Amino acid sequence: MSGAGEEGRLSLTVPEPHVRPGDQPDFSDLVVPPAGSVRRPPVDADPQDIRDLAYTIITVLDGEGRAHGPWAGALDDEALREGLRHMMVLRAFDARMQMAQRQGKTSFYMQNLGEEAVACAFRTALRPGDMNFPTYRQAGLLVAGGYPLVEMMNQIFSNESDPLKGRQLPIFYSSKSHGFFSISGNLGTQFIQAVGWAMASAIMNDTKIAAGWIGDGATAESDFHAAMVFASTYHAPVVLNIVNNQWAISTFQGIARGEAATFAARGHGFGIAALRVDGNDYLAVHAVASWAAERARRNLGPTLIEYVTYRAGAHSTSDDPSAYRPRVESEAWPLGDPIARLKQHLIARGAWSPERHVQAEAEVLETVIEAQREAETHGTLHAGGKPSARDIFENVYAQMPPHLKRQRQDAGV
Amino acid sequence: MSGAGEEGRLSLTVPEPHVRPGDQPDFSDLVVPPAGSVRRPPVDADPQDIRDLAYTIITVLDGEGRAHGPWAGALDDEALREGLRHMMVLRAFDARMQMAQRQGKTSFYMQNLGEEAVACAFRTALRPGDMNFPTYRQAGLLVAGGYPLVEMMNQIFSNESDPLKGRQLPIFYSSKSHGFFSISGNLGTQFIQAVGWAMASAIMNDTKIAAGWIGDGATAESDFHAAMVFASTYHAPVVLNIVNNQWAISTFQGIARGEAATFAARGHGFGIAALRVDGNDYLAVHAVASWAAERARRNLGPTLIEYVTYRAGAHSTSDDPSAYRPRVESEAWPLGDPIARLKQHLIARGAWSPERHVQAEAEVLETVIEAQREAETHGTLHAGGKPSARDIFENVYAQMPPHLKRQRQDAGV
Amino acid sequence: MIEAIRDAIGTAMEADPAVVVFGQDVGYFGGVFRCTQGLQQRFGKNRCFDAPISELGIVGAAIGMAAYGLRPCVEIQFADYVYPAYDQIVSEAARLRYRSNGDFTAPLVIRMPTGGGIFGGQTHSQSPEALFTHVAGLKTIVPSNPYDAKGLMIAAIEDDDPVIVLEPKRLYNGPFDGHPDRPVTPWSKHPLGEVPDGHYTVPLGKAAIRREGAAVTVLAYGTMVHTAEAAAIETGIDAEIVDLRSLVPLDLETIVASVEKTGRCVVVHEATLTSGFGAELAALVQEHCFFHLEAPVRRVTGWDTPYPHAQEWDYFPGPARLGRVLREALEA
Amino acid sequence: MIEAIRDAIGTAMEADPAVVVFGQDVGYFGGVFRCTQGLQQRFGKNRCFDAPISELGIVGAAIGMAAYGLRPCVEIQFADYVYPAYDQIVSEAARLRYRSNGDFTAPLVIRMPTGGGIFGGQTHSQSPEALFTHVAGLKTIVPSNPYDAKGLMIAAIEDDDPVIVLEPKRLYNGPFDGHPDRPVTPWSKHPLGEVPDGHYTVPLGKAAIRREGAAVTVLAYGTMVHTAEAAAIETGIDAEIVDLRSLVPLDLETIVASVEKTGRCVVVHEATLTSGFGAELAALVQEHCFFHLEAPVRRVTGWDTPYPHAQEWDYFPGPARLGRVLREALEA
Ligand SMILES: Cc1ncc(C[n+]2csc(CCOP(=O)(O)OP(=O)(O)O)c2C)c(N)n1
Ligand SMILES: Cc1ncc(C[n+]2csc(CCOP(=O)(O)OP(=O)(O)O)c2C)c(N)n1
Ligand SMILES: [Mg+2]
Ligand SMILES: [Mg+2]
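Chains as they are written, first to last, in this note's numbering: chain A, 1 to 413; chain B, 1001 to 1413; chain C, 2001 to 2332; chain D, 3001 to 3332.
Rather than coming from a laboratory, the hints here were simulated on the basis of the structure. From a predicted model like this one, the values you see are computed outputs, not experimental measurements. Treat each hint with caution, since some may be false.
Only pairs whose alpha carbons sit at most 25 Å apart, straight line, appear in this in silico PhoX-like list of lysine-lysine [claimed, not checked]:
(1) A:K405 x C:K2206
(2) D:K3261 x D:K3206
(3) C:K2261 x C:K2189
(4) B:K1405 x D:K3189
Partial pick of chain A residues on the chain B-facing surface, computed with a CB cut under 7 Å [as the list claims (entries may be wrong)]:
(5) E7
(6) R40
(7) V43
(8) S201
(9) A202
(10) I203
(11) A220
(12) S232
(13) R266
(14) G269
(15) F270
(16) N299
(17) K405
(18) Q409
We put the CB at the ideal spot given by N, CA and C, even for glycine.
Chain A on its own, in the form it takes in the complex (with noise of 0.2 Å):
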């Protein structure tokens, strides 16, 4: 801090990187603990007594992909299995996805690249009908609730078996059923719009419970805080998830969070249980989002999450990292990635070998191209079957109004 001491001039301080292009990587700030190390409070802790739970890192799995300590042990081989192939899976259809973009099938994409644990893991710590509050980058949500592909691929190409009409951006999937709510492309707003969800489930004695998602970059919107404030208040049973993947387009972490040394210690300050957690460590995440959600369920009210991963793709095909971070950046992240860390981890304890994993990964992009095939008879953005010109006239309201219909006459639809 410049001047810092002193009475004299004033300096601004304007939070910069450790590192730009060409640099080489640094996460020495990025302190993590032992595998295991990390203690598991009861779900009714009071928030004041686990402050400390904001500050760390909750890691499951160590470097071997050995699993310790108290939050390991709630998933079996199955389960673990299942979970990888839900990673593998979101990755084969990222990269489809990714280079279909490129050839013009449709106009934008956003990959979950190196962050799939977070909302893969986290879906299996939901039940039916509760309902999740998603940004663009949690499609394993959809992926590890069963959500079909194709349906993903018809919305990504707004053909004219979209779900969605063709009206949004690829990606910005809706799906009631699936509890993931429609994606907004305003950041933010959703986590406010999570806590008034679960406000109301409250509100009916009924059970289920809500997920709020945001980025590291967003929580500097104002729809943060608000969810904060009612969250606190109403005891809502909603789980509010950061994803601290390190940066927000080209603006790294720092910007957003400040002087604070992380994001989940925002919760302190309105009495929210938070928790840190190993992003990229299927298990952990698991154990961290099960925890939080059966706070929820019991009433024991809010718990904030904050999930250190790393965004290792771009921000989305509209962007070009290497004009920010250096290239290599992502392969010297220290938290690894997380279907090679659950892979290592199900070798290691005698579920999985890489034989199966090279033809798991086989499987996976045989499904995969299977979807898209089917998706593609269906139209791509600018070839095939499209939604109608009518569509854009729908929806607006319940009944169309006259002046609608007047406006679709003019359109000649």
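Assemble chains B, C and D with the ligands onto chain A, guided by the hints.
This is chains B, C and D with the ligands only, laid out in the frame that chain A set:
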């Protein structure tokens, strides 16, 4: 928390004050440590090392008016008598203007009753050129800053000498020369503006600092969050003041605070130094304000201060608090009355006497009445000199654009 | 009109357990204008409660609740304070049905006192209706009397789309004709002050002719309906006064029929002139009635300035200013 | 046009140390559309820096800075994301001078890419100009070419009032005439693509006639200026095209002169129809040129729906739709 601990039906929590009209006041939740017992860290303390200061109450004066501890001792007799006078003037001013409103001389009024120490003592920690971004309940900043009472009244009466030309609601003062930013009717907005002003001072390598002001209720607004984020990120030389006077119109502070222990704790999630102080203790407020101002001046970053006080009067002349809180609650307020406490202290230190106080009361009243007499020669809302209808059209823009000229002509003024 | 609004909300809450009410000071206290008084006692804290001072939070939470299946009816304490919630209204409530193709919807009501006439200065006097009418997916209504207030409010709460309800605060305690110097007449003396018990609706999208006339059509809503009546009486002009009631959807048919009959049209509102809803009305009228119009459509509105405090009655488009333009419209 | 904007901001920063620039991704990276590229290197992190993702914070902090005496020029990444800042813009920036009687002012510029044509869906395509033109105290400008973009931007930064600058993103890389199927022509081939070095201004409040004509006046701004040119050429109609450039203040004189000459008027914009700025234009034109008008003023605009993704070209008011209305306007 209903249903807590068991899975089952959820239910909504709506915080409720302990008491309502007819009940006995109950401030048992308010834990006030002994005067002088809270430590005083160096101004360059790391925010994370002083988190305890957000969960306590810094008090200097004890029940007998004696000063104690490390936060005492900065002000001499003269300064304290001056402080007493400021608060007495403000109280007399309030009483007269409240009456003037009842007499129809203005449309509206808001008192500072019971909270006089906060703004009056804070003001003395500032230097010329520093800028406050106040709410409507910091008239003490003007009074303690030597702004003419007549000008304040001219504004309140919207008369021909109103510096704001009748445009603003009564008490929505503005005075750049007195470091008092134009009051907005929109809660919260000024908090982030204070941060921006402080950033500007830092950008220009200036020496001036800013102070933002917000009520307990208004901390729920989005601007509060923006202010915290920007102050934290850019290490702004700003003092961010939360005046927790227990009420937001009819709503007790628990609705805005939720499950947090204090409002000061909101600073922790941003790495901002946070202190909680007895807002009815002139000495404590002055000491804490000076600490924070020095911190800002030394470019050591922002400080968040929560002043624990009590809105002893109605919210405004449009409000009747007996509809939502016990009539006698104010008398039961554990932190007493700021004027009585400072008077007691001055007497205890031999610098004041009951007789001088009575005399001072008379002088103060005379001063206020004299100012009112003068202001009324320039008119009151419905009688005497008025701002012009032409003033409606001025100062919308720096230069009046053609459409406003046409409209002014239309208006025939 | 306060009683009518309270009655409407209570009736809707009675009829449907999904209706919940919250906002600043609306719970225990019953709202600063007392529009929700008694509802917490009657329906419990679960269904009527105080909210933190976050308009964003109030509307954002209401959207989440609506997506769950409730029908929140929330209060913004003054229309002047709706802007912090503007993003949630415009980007979320208004577009949720569209962007999810009907998978999620936001049937909520956002009530707010609007308009001037109470010496409220710039932050207690605004009329922001045009900021809502421009937004596809919203409905915007402005009642001018207790009968309509109740019927429109119930219709709004039962509507499956987000509805903005602007309540002219100067009408809360009686019809106000724009003469601040005259004593306030209570609603009990006004034919539309009588409010039937129980459930009824006034449909969104239907205007009402408040006064038949042949010389000129006045398009008005809210407080201005009464000001227009005063202006017609005082000038003796045979004005037809159309109370729009609902701005979106708009009853264009009634408007066009009236203007085709009179051949002249004056639009009046309290909001600032430029890009006010009067612009839309003037544009529509000239478009649809061009060959019937004998004079340009004129607008009588608040000036393009913030709403001043002391000069309230120089700002407010009262009967004198309206009357002058009515006369001019007849002379053109 | 990107280079022109960057050049304008750099020129203004050079001329006045009080000009500071910030917004999301505008610092190191230079903005997602690269409009601030190189400014941080040139002027230092003190004067060009990244901001947290809080539009409210960006504008709120800028108001504080402006009150201090700086001239902030901030970027909102897309106009669609301005709503979280709407309260600070409407309640604060726009009214600060007024409410403090000039004691405090807010000379700031809020830039934002606007309009459709890039398959951006509902959140990267909006044209919210009418939400600013309704607010007294704001100025709102929309450049249609690099020459104007630079001159207007410098004028905006030097202006003592808050100015909203809507930058039609579809024009960033070349004039776009509404035919998505044709190859993009670069600005270098367009006469107004040539941008003089150094300091110059285009005054706020002056329209430009882009094409003289006698048959009908087209009022347009931003991308629609080029669409209108295409429509005129393709229909062969002798249209006079007025590029408004500044919506508030508005060059009513030029508009009235043109319509009095042609006797017909068509307004075109991308924003939704109802309460769009076209309503204000239509209202003004019929008011001021009533006895010269031979046909109603017609509006060609985006539909009253959110902006769809796949049906972009059915939504966008292209030359075909405009051409059809031009023909109808002549026949009326
Ligand atoms: C209100 C709003 N402001 C700005 C944007 C533009 N924008 C889109 S994504 C993005 C970065 C978000 O970063 P983060 O929240 O960390 O999420 P991530 O992309 O890393 O998953 C920005 C600034 C937006 N979509 N909405
Ligand atoms: C944006 C906004 N919302 C609502 C209001 C209405 N309002 C005025 S004062 C007030 C209560 C404020 O309480 P607090 O912040 O605790 O300040 P206090 O009055 O206690 O000093 C409310 C809700 C407002 N002025 N602005
Ligand atoms: Mg991120
Ligand atoms: Mg308060």
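Taking the hints in turn, this is what the structure says about them:
{"no.": "1", "hint": "A:K405 x C:K2206", "verdict": "17 Å, holds"}
{"no.": "2", "hint": "D:K3261 x D:K3206", "verdict": "19 Å, holds"}
{"no.": "3", "hint": "C:K2261 x C:K2189", "verdict": "31 Å, violated"}
{"no.": "4", "hint": "B:K1405 x D:K3189", "verdict": "41 Å, violated"}
{"no.": "5", "hint": "E7", "verdict": "5 Å, holds"}
{"no.": "6", "hint": "R40", "verdict": "17 Å, violated"}
{"no.": "7", "hint": "V43", "verdict": "9 Å, violated"}
{"no.": "8", "hint": "S201", "verdict": "6 Å, holds"}
{"no.": "9", "hint": "A202", "verdict": "4 Å, holds"}
{"no.": "10", "hint": "I203", "verdict": "5 Å, holds"}
{"no.": "11", "hint": "A220", "verdict": "5 Å, holds"}
{"no.": "12", "hint": "S232", "verdict": "3 Å, holds"}
{"no.": "13", "hint": "R266", "verdict": "4 Å, holds"}
{"no.": "14", "hint": "G269", "verdict": "4 Å, holds"}
{"no.": "15", "hint": "F270", "verdict": "5 Å, holds"}
{"no.": "16", "hint": "N299", "verdict": "4 Å, holds"}
{"no.": "17", "hint": "K405", "verdict": "35 Å, violated"}
{"no.": "18", "hint": "Q409", "verdict": "35 Å, violated"}
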